[in-house]
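2 protein chains.
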Amino acid sequence: MNLLKNKKVCIIGLGLMGGAYATGLRKLSPEAIFAYDHNPETIESALIDGTIDRGESNESFVGELLKDSYLIISCLYPQLTVDFFKRHMNELMPGAIITDITGVKGIIVRELLPYLREDLDFIMGHPMAGSEKEGYGNATDSIFKGRNYILIPTSKNKPENVDFIKSIVDALGFINIVETTPENHDQKIAFTSQLCHVIACALIDCEDDLKISDYEGGSFSDLTRIAMINTALWPELFIANQEKLIEQIDKFESSMQAMRKMILDSDDEALKATLTGVRQKRVVMEIDRQNKAKKYEVTHRNKN
Amino acid sequence: MNLLKNKKVCIIGLGLMGGAYATGLRKLSPEAIFAYDHNPETIESALIDGTIDRGESNESFVGELLKDSYLIISCLYPQLTVDFFKRHMNELMPGAIITDITGVKGIIVRELLPYLREDLDFIMGHPMAGSEKEGYGNATDSIFKGRNYILIPTSKNKPENVDFIKSIVDALGFINIVETTPENHDQKIAFTSQLCHVIACALIDCEDDLKISDYEGGSFSDLTRIAMINTALWPELFIANQEKLIEQIDKFESSMQAMRKMILDSDDEALKATLTGVRQKRVVMEIDRQNKAKKYEVTHRNKN
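Protein sequences appear in the order of chains A and P.
Under the numbering used here, residues 1 to 304 are what the first sequence spells out, in order.
Under the numbering used here, residues 305 to 608 are what the second sequence spells out, in order.
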């Protein structure tokens with residue numbers, strides 16, 4: 001794979017996600033991988049293990065990396081992403097392509113894109129991958145394998161640059177690239193990701209028995225694994241997507257209350273009808289998911 | 305393993321769970337495995353593949369199996385369990401040991417145990433294992449491996465019979481046998497199992513996009529796998545444990561509403577404090593779970 005031949009890449013924020021990108025991008029033979037992270041120890045580790053070729057932990061000198069970087073992968077939290085690029089707007093290489101990983105896009109659309117230099121191309125992306133283990137020490141590009149990637153192009157993005165990002169994402173091992181609008185992204189993510197995290201956290205918040213796993217058959221662990229949550233990131237994501245998240249919480253709560261009433265009323269018939277509908281929907285969703293995985297396998301088998 | 309040497313076992317209800325028991329118990333060398341199931345095709349399959357030695361699908365003749373069975377494993381739904389043993393009380397072998405798998409125990413305690421013949425020993429159990437794939441065709445004793453087993457002995461159970469059931473459960477591959485009261489069982493299960501199923505179903509019930517998996521990173525699938533639910537069994541379990549389940553739903557809903565308010569108020573500090581507490585609790589629960597798994601491994605390595 002020579003997608004990045006003769007090109008320098010810079011990763012901003014070398015945590016779990018940034019580290020995973022660095023590891024995966026190395027296989028695409030870039031001329032060099034640079035990284036900025038505010039933690040000097042992270043940069044030192046990444047230089048020692050050869051994940052990056054050059055690094056910087058002093059933000060004052062990050063311009064030295066940016067001025068030569070054709071592709072920038074921003075792996076910062078949402079507000080930090082906005083602030084970082086506003087601060088370093090004039091240090092970026094002419095015509096550079098920037099992409100990000102932030103879990104909400106409204107804030108990027110409102111607070112960053114209107115201020116972007118005309119020659120730069122900021123292509124919003126959202127790799128639907130992660131781990132309850134945080135930080136560079138846990139970074140591996142295996143977290144990308146078989147995952148969804150949401151691409152959120154705007155009318156300002158150059159089609160050839162969008163295709164370039166798609167090729168990279170595909171090469172990193174993502175299984176399914178979905179294109180959508182910022183509005184739709186934030187609405188869907190409020191449901192599939194943020195609401196699920198709120199539920200998992202509420203389940204743990206309301207239970208005080210620390211030995212509760214004595215009484216579980218797997219469901220409880222599956223529902224609450226994501227409650228081992230990144231406590232710095234998620235409050236920001238929840239609040240940045242407040243309006244859409246509240247909407248999804250209320251939608252879920254209304255189904256919860258309907259089922260509560262059926263249970264309280266011993267309404268066996270209504271429960272059966274609801275669960276039958278639920279089972280059918282979930283089976284259809286599962287088949288759709290598995291078909292995407294199969295399609296990916298077939299496509300990639302044919303490539304080799 | 306000769307735990308069942310010279311003993312005949314009878315399984316009542318040869319579905320996913322009954323079939324798993326039959327497969328697992330075979331390895332403990334019983335003299336014979338009998339089974340009753342209302343579906344003649346199930347009995348035929350199990351006879352053909354050698355999972356059982358003798359079977360019956362006509363309930364009128366089940367006495368023929370029961371009169372020789374030292375151990376009865378009841379794998380019926382709660383109300384059916386009560387009804388079946390009331391109907392066949394006088395056909396059971398003197399001194400027989402009966403155990404069950406029902407997910408709620410209050411109904412057994414109230415509606416069956418007071419009517420039990422004095423010489424019989426009914427030892428309540430709850431294997432915390434299952435699958436979203438139902439029926440005998442999907443039965444395998446691998447579903448027991450590494451799982452919890454809840455034992456709910458009463459003062460009427462003979463200690464040597466309780467030990468016998470424990471040995472069997474251990475031999476079947478369960479990792480952790482917890483003893484508790486019917487009251488506590490039903491309360492804990494309302495939380496770890498029933499509430500989790502209600503939540504998973506509500507999440508699917510409130511979403512109409514059948515291609516929603518395009519936008520997910522794994523959390524949504526993990527939280528909703530159990531929504532591929534057995535629609536005949538779960539309404540009965542929910543209603544049979546109504547009071548305790550409603551209590552758990554309300555406890556969860558109160559945490560949901562508290563988090564909703566923090567998000568609505570943009571209360572970053574409160575969210576951080578809540579998520580920090582949640583993360584700490586969930587990590588402690590995880591360590592407890594993993595320690596149990598390790599302890600089991602060590603014990604069983606020493607046995608071999």
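In short, the hints are calculated from the structure, not lab data.
Fair warning: this is a prediction, and the values are worked out from it, not measured in the lab.
Glycine residues also receive a C-beta, built at the ideal position from the N, C-alpha and C atoms.
Heads up, a few of these hints could be off.
Within a straight-line C-alpha distance of at most 30 Å, the following computed BS3-like cross-link-like pairs (lysine-lysine) qualify [what the hints assert, rightly or not]: (1) P:K371 x A:K133; (2) A:K166 x P:K515; (3) A:K272 x P:K576; (4) P:K311 x A:K133; (5) P:K390 x A:K272; (6) A:K158 x P:K555; (7) A:K5 x A:K251; (8) A:K133 x P:K598; (9) A:K133 x P:K596; (10) A:K261 x P:K565; (11) A:K261 x P:K460; (12) A:K145 x A:K7; (13) P:K437 x A:K295; (14) P:K565 x A:K251; (15) A:K251 x P:K437; (16) A:K294 x P:K565; (17) A:K166 x A:K292; (18) A:K156 x P:K390; (19) P:K555 x A:K251; (20) P:K390 x P:K371; (21) A:K145 x P:K462; (22) A:K133 x P:K449; (23) P:K470 x P:K437; (24) A:K292 x P:K515; (25) P:K462 x A:K211; (26) P:K599 x A:K211; (27) A:K261 x P:K371; (28) A:K211 x P:K596; (29) A:K145 x P:K311; (30) P:K515 x A:K294; (31) P:K598 x A:K272; (32) A:K67 x A:K7; (33) A:K211 x P:K565; (34) P:K371 x A:K272; (35) A:K211 x P:K460; (36) P:K437 x A:K211.
One side of the interface only, derived from the structure: several residues of chain P facing chain A at Cβ under 8 Å [what the hints assert, rightly or not]: (37) I454; (38) T496; (39) E511.
(request) List in ascending order the numbers of the hints, as given earlier, that are violated by the structure. (result) 1, 3, 4, 6, 7, 11, 16, 18, 21, 27, 29, 31 and 34
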